[in-house]
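S.K.: Position in the sequence shown counted from 1, then plus 2, gives you the numbering used here.
It is worth saying that the hints were derived from the structure and are not from the lab.
All residues carry an ideal CB built from backbone N, CA and C; glycine is no exception.
Check the hints yourself; a few may be wrong.
Each computed BS3-like pair below joins lysine-lysine, with the alpha-carbon atoms no more than 25 Å apart [what the hints assert, rightly or not]: (1) K276 / K103; (2) K58 / K276; (3) K103 / K58.
Beta-carbon label-pair distances, calculated as ranges [unchecked claim]: (4) A76 / L129: 24 to 30 Å; (5) G153 / V70: 20 to 26 Å; (6) P57 / T244: 31 to 37 Å; (7) G259 / E73: 40 to 46 Å; (8) R134 / D195: 14 to 20 Å; (9) G127 / R52: 54 to 60 Å; (10) V70 / H178: 29 to 35 Å; (11) T244 / A76: 21 to 27 Å; (12) A236 / V70: 56 to 62 Å.
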Amino acid sequence: MTSLPRLRRRALLAGSAAALAAGWLPSGAAARRLTGTAYAIPRNRYSLSRDFFIPKLNFVTLIPMDVVRFEEAAFSSLLPDGMVRIEQTGLYRVLTCLDWKAQEGTDIDLRMFTIRRKTASDTGGPLGSDERLAAYDASGSDSPVTARYSGSWAPPSVPARGYVYTDVTVATPGQHVEVGDVAQAALAAAAPDRIGTDAALALQVRAQVIARDTVRVVLHNTRAKGAIQVPEGALKVMAQSTTAYRGDSEDAWNVLGTPLTELFAGERLYVAAKNMGVTNDYVQASTTTTFLQLEKFG
Numbered sequence: 003m004t005s006l007p008r009l010r011r012r013a014l015l016a017g018s019a020a021a022l023a024a025g026w027l028p029s030g031a032a033a034r035r036l037t038g039t040a041y042a043i044p045r046n047r048y049s050l051s052r053d054f055f056i057p058k059l060n061f062v063t064l065i066p067m068d069v070v071r072f073e074e075a076a077f078s079s080l081l082p083d084g085m086v087r088i089e090q091t092g093l094y095r096v097l098t099c100l101d102w103k104a105q106e107g108t109d110i111d112l113r114m115f116t117i118r119r120k121t122a123s124d125t126g127g128p129l130g131s132d133e134r135l136a137a138y139d140a141s142g143s144d145s146p147v148t149a150r151y152s153g154s155w156a157p158p159s160v161p162a163r164g165y166v167y168t169d170v171t172v173a174t175p176g177q178h179v180e181v182g183d184v185a186q187a188a189l190a191a192a193a194p195d196r197i198g199t200d201a202a203l204a205l206q207v208r209a210q211v212i213a214r215d216t217v218r219v220v221l222h223n224t225r226a227k228g229a230i231q232v233p234e235g236a237l238k239v240m241a242q243s244t245t246a247y248r249g250d251s252e253d254a255w256n257v258l259g260t261p262l263t264e265l266f267a268g269e270r271l272y273v274a275a276k277n278m279g280v281t282n283d284y285v286q287a288s289t290t291t292t293f294l295q296l297e298k299f300g
């Protein structure tokens with residue numbers, strides 16, 4: 003398929019979004035159409051000049067934008083308190099992205115943030131009663147280390163009520179699994195079509211981490227009266243670390259956007275965030291990964 007020039011593709015996407023919006027907007031708003039501009043959808047973006055620390059745990063706070071990254075049109079303006087005021091009534095999409103810092107003791111499932119709106123008649127500061135245009139609970143957990151092994155095994159005959167085993171080395175670059183972590187194994191040849199239904203039901207395949215990056219795979223003949231012979235076949239092993247603590251999360255870029263929304267002149271928008279369980283969490287300053295952006299569709 004022949005690719006379209008970037009500006010043309012963007013204009014087509016804008017037209018599609020407006021067409022979808024027209025189906026549910028009131029008749030007055032539905033009658034508005036995109037006007038042709040150089041970029042089809044003008045955008046204004048505001049950001050942070052320095053890292054912002056959340057004052058304390060379980061505390062909702064305004065993320066005070068203080069940098070005009072760019073303003074392609076005069077439909078909004080940045081205020082000294084970190085909010086953004088709407089200067090022109092119209093149809094908007096609002097986006098925000100927060101660049102959370104990776105640090106010990108701050109797992110991303112504890113972070114929440116919202117895009118909020120204050121009415122033109124409300125002259126006060128940020129309040130919990132302000133309308134939430136969009137909200138996000140950044141769900142997740144400290145990710146386990148996962149290490150794998152893939153090879154072939156021709157196990158010896160498994161005696162009645164007995165077992166046989168093999169030790170394999172699992173690997174993942176720069177990380178390790180330890181004794182007490184979990185493991186599982188699959189032996190392709192220990193299937194009913196290879197050894198029969200009765201033997202397959204009697205045979206258990208178990209795996210256990212017995213040393214750093216070492217997993218023991220055990221075949222246990224639990225109930226067959228005689229020995230079970232398993233032919234050579236593919237052996238696959240996976241081990242994972244167990245995470246019994248919160249923390250050591252990586253950098254998180256969390257993006258949140260609203261549907262197409264009619265905003266009115268004089269209204270103010272802002273981003274509010276909180277961390278539910280730890281102190282000293284903070285958002286990193288960046289004009290590309292921490293921002294509040296408005297896109298005007300009509």
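S.K.: Each hint should be assessed against the structure and marked as holding or not.
M.R.: Hints, one by one, checked against the model:
Distance restraint check for K276 and K103: the Cα-Cα separation of roughly 14 Å lies within the 25 Å cut-off, and the hinted pair is therefore satisfied. A distance of roughly 8 Å separates the Cα atoms of K58 and K276; the hinted pair therefore holds under the 25 Å criterion. In summary, the hint linking K103 to K58 is supported, as the alpha carbons are separated by about 16 Å, within the 25 Å threshold. The hinted range of 24 to 30 Å is satisfied by A76 and L129, whose Cβ atoms lie roughly 28 Å apart.
Between G153 and V70 the CB atoms are about 58 Å apart, so this pair departs from the stated range of 20 to 26 Å. Distance hint check: the CB atoms of P57 and T244 are about 33 Å apart, consistent with the given range 31 to 37 Å. Between G259 and E73 the beta carbons are some 19 Å apart, a value that contradicts the proposed interval 40 to 46 Å. For R134 and D195, the hinted distance range of 14 to 20 Å is not satisfied, since their beta carbons lie about 56 Å from each other.
Look at G127 against R52: about 21 Å separates their beta carbons, and that is not inside 54 to 60 Å. Judged by the Cβ atoms, the range 29 to 35 Å given for V70 and H178 is violated: they are separated by roughly 47 Å. Taken as a hint, the range 21 to 27 Å is violated for the pair T244 and A76, whose Cβ atoms sit roughly 55 Å apart. Checked against the hint of 56 to 62 Å, the pair A236 and V70 passes, with Cβ atoms roughly 59 Å apart.
The structure fails hints 5, 7, 8, 9, 10, 11 (numbered hints given earlier, in ascending order).
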